[in-house]
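Here is how the chains run, residue by residue.
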Amino acid sequence: MPDRKDLQYTAEHEWVLVEDDVATVGITAYAADKLGDVVFVDLPEAGSDIASGSVVGEIESTKSVGELFAPVDGTVTESNQAVVDAPELVNSDPFGEGWLIRVRFEALPELMSFDEYTALVGE
Amino acid sequence: MAQHDLAAFASRHIGTDEQSQAAMLEAIGYRSVDELVDAAVPASIHVDAFRDAADSVLPPAATEREALAELRRLADRNTVNRSMIGLGYYDTITPAVIKRNVFENPSWYTAYTPYQPEISQGRLEALINFQTMVSDLTGLATANASMLDEGTAVVEAMLLARRASKAKTDVFIVDADALPQTKALLANRAAAVGIQLVELPLATLGGADPLAGHDAFGLFAQYPAASGRLWDPSAVIAAAQGMGAIAVVAADLLALTLVTSPGELGADVAVGTSQRFGVPLGFGGPHAGYMAVRKGLERQLPGRLVGVSQDAAGHPAYRLSLQVREQHIRRDKATSNICTAQVLLAVMASMYAVYHGPQGLRQIALGVTRKARILAHAASEAGHTLLSANYFDTLTLRTKTDATAIVERAHRAGYLFRLVDDRHLQLSVDETTTADDLRAVAVLLGEELSDEPYVRDIDAWIPLDLQRTSEFLTHPVFNTHRSETSMMRYLKHLSDYDYALDRGMIPLGSCTMKLNAATEMEAVSWPEFANIHPFAPESDVGGYLAMIEQLQDWLADVTGYDAVSLQPNAGSQGELAGLLAIRGYHLGRGDTERTVCLIPQSAHGTNAASAVLAGMRVVVVACDELGNVDLADLRAKIEQHADTISALMITYPSTHGVYEHEVGAICKSVHDAGGQVYVDGANLNALLGFARFGDFGGDVSHLNLHKTFCIPHGGGGPGVGPVAAKAHLAPYLPGHPMAQRELIGQRDAAGRRSRASELVGAGGVPFVDGPSYPESSTFPLPTEPDAAPATWHRGAVSAAPYGSPSILPISWAYVRMMGSAGLREATGAAVLAANYVAVRLREHYPVLYSGDNGLIAHECILDLRPMTAATGVTVDDVAKRLVDYGFHAPTMSFPVAGTLMVEPTESEDLAEIDRFIEAMIAIRHEADVVANGGYPADDNPLRNAPHTAQSVIDGEWTHPYSREEAVYPVRSLIRSKYWPPVRRIDQAYGDRNLVCSCPPPEAFE
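These protein sequence lines are chains X and R, in that order.
Using our numbering, the first residue of the first sequence is number 282, and each one after it goes up by one.
Using our numbering, the first residue of the second sequence is number 351, and each one after it goes up by one.
Treat the hints with care, since some could be wrong.
[Unchecked claim] Distance windows between CB atoms, simulated: (1) X:Ala363 with R:Ala1220: 32 to 42 Å; (2) X:Asp314 with R:Thr824: 37 to 47 Å; (3) R:Asp1278 with X:Asp323: 39 to 49 Å; (4) X:Asp323 with R:Thr824: 32 to 42 Å.
[As the list claims (entries may be wrong)] Under the rule of at most 20 Å between Cα atoms (straight-line distance), these lysine to any residue pairs were calculated in the SDA-like manner: (5) X:Lys344 with R:Phe1244; (6) X:Lys315 with R:Ala1338; (7) X:Lys344 with R:Arg1342; (8) R:Lys516 with X:Val336; (9) R:Lys645 with X:Asp323; (10) X:Lys344 with R:Asp1226; (11) X:Lys344 with R:Asp1336; (12) R:Lys518 with X:Lys315; (13) X:Lys315 with R:Asp1213; (14) R:Lys516 with X:Ser335; (15) X:Lys315 with R:Gln673; (16) R:Lys449 with R:Ala868; (17) R:Lys516 with X:Lys315; (18) X:Lys344 with R:Val1246.
Simulated from the structure, these hints should not be mistaken for laboratory data.
Where is the CB? At the ideal position from N, CA and C, for every residue including glycine.
Turn these sequences into a full structure, and let the hints guide you.
Shown next, in the form of structure tokens:
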């Protein structure tokens, strides 16, 4: 599991791990906690082109539904089948096994640092 | 103040007497109920400022006996003829054991929607039986727990197809030989959301690619067809799927016991009605529609879906599944706006299948189709031409002589045939058709039935390759209860699991769980109301039409509107009808850009879902810290969307249970911008007799007869959601192509009733015809809804012209027995009870919002968040612990997460209200023990609630509180205890492991 301090964040409570030109995306523990028990995850197929800011997936709990926003422009290279099969991974390991998609991008928009995100959620 | 006169119904309906009310008033510091309500309701909207009380058209209150006598006279003006009209409505035999133990049993009809699953296992089991029945008969993987009727189910299937299909087109193909009322609904609903309908004669399309040249996201086929033709839709289904479309089949459940199921024919979705499974015709409703889908589409289902999960002890337990699909969570992105379904009727239909079992149902179906065969033979002998050689229960005849004369002769003889045109008529037989009926009908067709044996082998009219070979209803529940004793005990066993109003208070905020009085229920099952076909001739239904007109007049009077339509058969449909009226009004004025619907943050999710279905775009308006609409934000949003405001939807009193002081200013600012004001009538129980929507700025509203006007909730339906409007919107209220009379309860200034022909505006959008096909030489079909008056322009929102008329005697009786004064007293008593609860509980749980003078309306929001923060005890814990104390929980986390909303209603007496208050205080003390460290956060009476009998008996007791504290926290429970059948249910487990049909019996061992 990556160190949370090394991740970048969005205001939509997503985290982004950048390795070369590939961004791994998940939702933060804060978001997973607010959603409650996640029971279903709908993710974009590998190969689909996504535009930053658009809704590309959904994360459903028993009582609420969260949208997955694309944090960058790019092409989905992989979506996490393990999470589709066992959505509870989003709750149990949001920064690790609970990652959602990997996206190949050309340019990275400005994202939040760990400190900025921590200030945002006040925790 | 409640009357002393015990002969007056109001004193039976209202739970608190003068003495109790005096004590309650003292607790909150007012001298009289009127003084209290006057202090709570802003003076600017008080009804006295708008009209003289003497102007009310409501008659003075009748006694229970008098009201029944009047209903008897109305019933006598209806004529029960033998209906052979068919078209989706068939006479049926309600097994007496089901009528007495379900239909007329308050344990079933006074329950609420099973949102608290631990105390609803009985009806959840009945509903999962319904789902299993539908799934088995249709041959599809997952069925929901009922739709409002067949017509709306087809509309919902069309919308599902649009969501699920990847085809990039707005075209939906409609079977030309579909039920006329379904076509009318599709036309109205498709127009609002930009779907283009193309009508094709699906049964007669031939060739390798029957849909060549078409491009559609979905296709709808009727099976058997409306004309009675039994045909094989598999080729058009395959062709539709070949172009990426979703194939929808409307199928007759009884026929499916004999013919191949839609699932086996390849359909993606099946819809229809379960009416003929023992639910009376009732002049059109209520009945349970159904929908089933193939694997992979379950998340697209509209409405409620029952699933199996497990409780804290690992035992299987039922609950509502995948609720995030629904309007109360997903709002404008929900799969549908429907919430109330038709639970009571679905339970009846499922029990009909439980009682008869697969062999019994097949036997009934064989009897029906053989009767059709006998008539087919007689008709041919008489020289009429049968238009299809294959059929189940319905025959369309080309008549040898004038069809009109035959139909008229039949009517005089007590039989209702369907006239198609002057050369064609249609006949349907059903379970109730007798040998005498067959002889009489044969004579009417011009033939004596011979005594010779007739062909009994169904191969002669049901083709072998369409005969069902697969099994259905193999689960033991459908193969056990054959004796009446066994059936009676099964029904009792299930109802014993559930908590309904016959056990105690159900203080659900925004649900108005008031008394459903026995006298109000009385007329519903009278044959003159129960056994009338929705398309019976006007001369047969004089009593019904008179009752409907009276009720419409009364509802218009008490809400300050000019016109009322009783057609919408649920609140969600009333909302939609009201928004469609607004849409029609703007379009009629050429205002095509007015599509923005402003909805406050606090609104019920249904509002947003309905707006989308009316073709509107939702813009959310913020609420301020007092819970009121934020006027500054409203003005900003209006300015931002100045020329495109269509409507504001506002609930009054607000969903926060408060009479918003600024409602007049809010309405005015919307009107000034050219918008219309929709006032959601969900909370009318706090207003009746004191203020009227139409007076303070409403243009249109829906009412919930199943809240304010005493129709029982039925465990989650039926509902009735009439739509009421000002005169300028009246021309756009719902209509129906087959209505006996256009009734919208509108009177002119002189008090004369206006006829629809004088009120017609723009509206209904005609079908788009597909490419012309050579008319089949053997099968001419009427392509337009028949019996459509020339002036029909209003759109239909329900399959039947007056929605669910058989339950309207309930609301009629309520208003008739209360009178203006009684309705006002009831409102006063409801507001008093809520304020009393608020004052008594305030020091234990903060009351989140209040209005003028610190008062609330008819419900109060108890804020549990500070307690949760201090103790870790959640809303769920408190709700489930209330079960141990013998209560149904209040509404949880609506409209504010982490709160409970309490609505005691006027019907509860002071002793019951006090018992609830004491339970809430005791629970607060238990939470304080958790906070003080007296109980661990994860092992205490709250976290472990509810406690079943088994949980306190089995094994060693290891908890830090006693068994007595667990199940008898109050001593009075020792003699009178409601035992929940399961412990707390794991919500996530059920959603992650979706199972929506009956689990095998071993699962419960």
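Q. Lys344 (chain X) and Arg1342 (chain R): Cα distance at most 20 Å?
A. Status holds; Cα separation ~13 Å.
Please verify whether Lys518 (chain R) and Lys315 (chain X) have alpha carbons no more than 20 Å apart. violated, 36 Å
For this session: Mind checking the alpha carbons of Lys516 (chain R) and Ser335 (chain X) for me, to see if they're no more than 20 Å apart?
Result: Within the cut-off at roughly 19 Å; holds.
| message | Does Ala1338 (chain R) sit within 20 Å of Lys315 (chain X), going by the straight-line distance between their CA atoms? | response | holds, 15 Å
Quiz item: Taking 20 Å as the top limit, are the C-alpha atoms of Lys449 (chain R) and Ala868 (chain R) close enough?
Solution: holds, 15 Å
Pair hint Lys645 (chain R) and Asp323 (chain X), alpha-carbon separation not exceeding 20 Å:
With a Cα-Cα distance of about 16 Å, the restraint between Lys645 (chain R) and Asp323 (chain X) holds, given a limit of 20 Å.
- Take a look at whether the Cβ-Cβ distance between Ala363 (chain X) and Ala1220 (chain R) falls inside 32 to 42 Å. holds, 38 Å
Given the hint of 32 to 42 Å, is the C-beta distance from Asp323 (chain X) to Thr824 (chain R) inside that range or not?
holds, 34 Å
Against the 20 Å threshold, does the CA-CA distance of Lys344 (chain X) and Val1246 (chain R) hold or violate the hint? Holds. Lys344 (chain X) to Val1246 (chain R) sits at ~13 Å (cutoff 20 Å).
Query raised in the report: Is the hinted pair Lys315 (chain X) and Gln673 (chain R) satisfied, with a Cα-Cα distance of at most 20 Å?
Result: holds, 17 Å
Could you grab the alpha-carbon distance between Lys516 (chain R) and Lys315 (chain X) and see if it respects the 20 Å cut-off?
Between Lys516 (chain R) and Lys315 (chain X) the Cα gap is close to 32 Å, so the pair fails against 20 Å, i.e. violated.
* Asked: Would the pair Lys516 (chain R) and Val336 (chain X) pass a check requiring their Cα atoms to be no farther apart than 20 Å?
  -> Holds: Lys516 (chain R) and Val336 (chain X) sit about 17 Å apart, inside 20 Å.
Checked against the numbered hints above, the structure breaks hints 12, 17 and satisfies the rest.
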